[in-house]
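Asks: Under our numbering, the letters of the sequence shown match residues -4 to 186, in that order.
No wet-lab data here; the hints were simulated from the structure.
Keep in mind that the hints are not guaranteed to be accurate.
Said to hold, decoys possible - In silico DSSO-like pairs for lysine-lysine, Cα to Cα no more than 30 angstroms straight-line: (1) K0 with K89; (2) K89 with K2; (3) K157 with K2; (4) K101 with K2; (5) K157 with K42; (6) K101 with K0; (7) K42 with K89; (8) K157 with K89; (9) K42 with K11; (10) K0 with K11; (11) K2 with K42; (12) K89 with K101; (13) K42 with K0.
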Amino acid sequence: MWLIKVKLNRDDVVAKVRAIRAAAPNPRLIVDPNESWDIELLAAVHKDLAALNVDMLEQPLPAGSDAVLAGFTSAVPLCADESCHTRRDIAGLKGRYDIINIKLDKTGGLTEALALKQDALNAGFRIMVGCMIGTSLAMAPALVLADGAEFIDLDGPVWMAKDRDGGLMIDRGWISESDVPLWLMRCITQG
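Hey, can you work out the whole structure from these sequences and the hints?
Replies: What follows is the structure, encoded as structure tokens:
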């Protein structure tokens, strides 16, 4: 199943999603306001977005504004991105978000990311694995996290002018290793 992720500010949200759905009626759809909404806008649009089959709203409110979500029931699952960096953040997100976006750069590395994933699952959260802009080699450890994740957004290398040679290949949204496994490539370049 294809997945489209769109970044939308607070202007004409429902009209924009309606236009996206007209052009792409079948793919799963993530809307990422990048912290640009407030609770009033979220309350005004969440039911319309659910009717347009939006699968997730990623961090609609500014990080640190999570308290206003207590008692709010969104018709579209909410995902904590900037509001969740490490396991210490989970307790404050319970009952406010449905999904946690785990990024290696935010957690500080694979060890904490794996622990965050397990603690989030234990707390009943669904999992998204995301990334910052980086090379294929930077994305490779996130593939370990991606196992069992409901949403995977590892497009960091696509945004770079040039990725490292022999890294992950990304073709129409599908990620695969090159002919040289990343662990061997690293040994070759350092040796």
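Asks: Check each numbered hint against the structure and report the violated ones by number, ascending.
Replies: 5 and 8
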